[in-house]
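Please take these sequences and the hints and turn them into a complete structure.
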Amino acid sequence: MRLYLGLLLALWTVIETALPSYADTGSVRVVFGKAALVAGVGGGNGVLTFRGKRYPFEVSGLSWGATAGISINKLVGNVLHLSKPEDLAGVYAATGAGAAVAAGVSSVRLQNAKGVILILQGAKFGVELSASYANVKITMK
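The numbering of the sequence shown is numbering that gives the first Met the number 0, which starts it at 0 and goes up by one.
Where hints are given, some of them may not hold.
The calculated label-pair distances, taken between Cβ atoms and stated as ranges, are [to be verified]:
| # | residue 1 | residue 2 | range |
| --- | --- | --- | --- |
| 1 | S82 | F124 | 14 to 20 Å |
| 2 | G51 | K140 | 17 to 23 Å |
| 3 | V126 | H80 | 20 to 26 Å |
| 4 | A34 | K113 | 16 to 22 Å |
| 5 | V126 | R50 | 19 to 25 Å |
| 6 | P55 | V126 | 15 to 21 Å |
| 7 | S82 | V126 | 38 to 44 Å |
Below, simulated DSS-like cross-link-like pairs (lysine-lysine); rule was C-alpha separation at most 27 Å, straight line [said to hold, decoys possible]:
| # | residue 1 | residue 2 |
| --- | --- | --- |
| 8 | K73 | K136 |
| 9 | K83 | K140 |
| 10 | K83 | K113 |
| 11 | K52 | K83 |
| 12 | K52 | K73 |
| 13 | K73 | K140 |
| 14 | K73 | K113 |
| 15 | K83 | K73 |
| 16 | K52 | K136 |
Don't read these hints as lab results, they were simulated from the structure.
Using N, Cα and C, we set each Cβ at its ideal position, and we do this for glycine too.
Structure, rendered in structure tokens:
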């Protein structure tokens, strides 16, 4: 009987450690300014809302591709695969596109090395046309 209980406990331990841990989803708001001509540079601030709490962060980035103009992006979206707020920090690779002449739209999908994914969309103000690749760095405040 002890042998069976021991085997059952060992089997349960193996199954429990093999099951994936399920991360939560959060939401973000980001304001990001950018100036570009082929290559661009930008920065801004945002707030992560996760499990009922708000966590401020800073954003900086570089982009290159078919980009020209000056713009301010006000983006909102979801954060996927987030286990704790600190997982949001890191360097993200992104592809995105947008257009604005006074006002327009922007959308972007970002992923960092921890597997955290940001899916953002929103308004773009200024004059810009872009189809580019970017590296974005998020730092928690």
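Results for each hint:
1. In this structure, S82 and F124 break the distance hint of 14 to 20 Å, their C-beta atoms being roughly 34 Å apart.
2. A beta carbon spacing of about 18 Å between G51 and K140 agrees with the range 17 to 23 Å that was offered as a hint.
3. The given range of 20 to 26 Å is broken by V126 and H80, whose C-beta atoms sit roughly 35 Å from each other.
4. For A34 and K113, the Cβ-Cβ distance of about 29 Å falls outside the hinted range of 16 to 22 Å, so the restraint is violated.
5. With their beta carbons about 39 Å apart, V126 and R50 fall outside the hinted range of 19 to 25 Å.
6. Separation of P55 from V126 is about 29 Å and departs from the stated range, judged on CB atoms against 15 to 21 Å.
7. Range check, S82 to V126: Cβ separation about 40 Å, and the 38 to 44 Å hint holds.
8. Distance restraint check for K73 and K136: the Cα-Cα separation of roughly 17 Å lies within the 27 Å cut-off, and the hinted pair is therefore satisfied.
9. Restraint check for K83 and K140: the C-alpha separation of about 15 Å stays at or below 27 Å, so the hint holds.
10. About 11 Å separates the Cα atoms of K83 and K113, which keeps this hinted pair within 27 Å; it holds.
11. In summary, the hint linking K52 to K83 is supported, as the alpha carbons are separated by about 11 Å, within the 27 Å threshold.
12. Between K52 and K73 the alpha-carbon distance is near 21 Å, which keeps this suggested pair within the 27 Å criterion.
13. As the CA atoms of K73 and K140 are separated by approximately 19 Å, the hinted pair is consistent with the 27 Å bound.
14. With a C-alpha separation of about 25 Å, the suggested pair K73 and K113 falls inside the 27 Å cut-off, and the hint holds.
15. Taken as a hint, the K83 and K73 pair is honoured in the structure, with Cα atoms around 24 Å apart against an allowance of 27 Å.
16. Our distance criterion of 27 Å between C-alpha atoms is met by K52 and K136, whose separation comes to about 22 Å.
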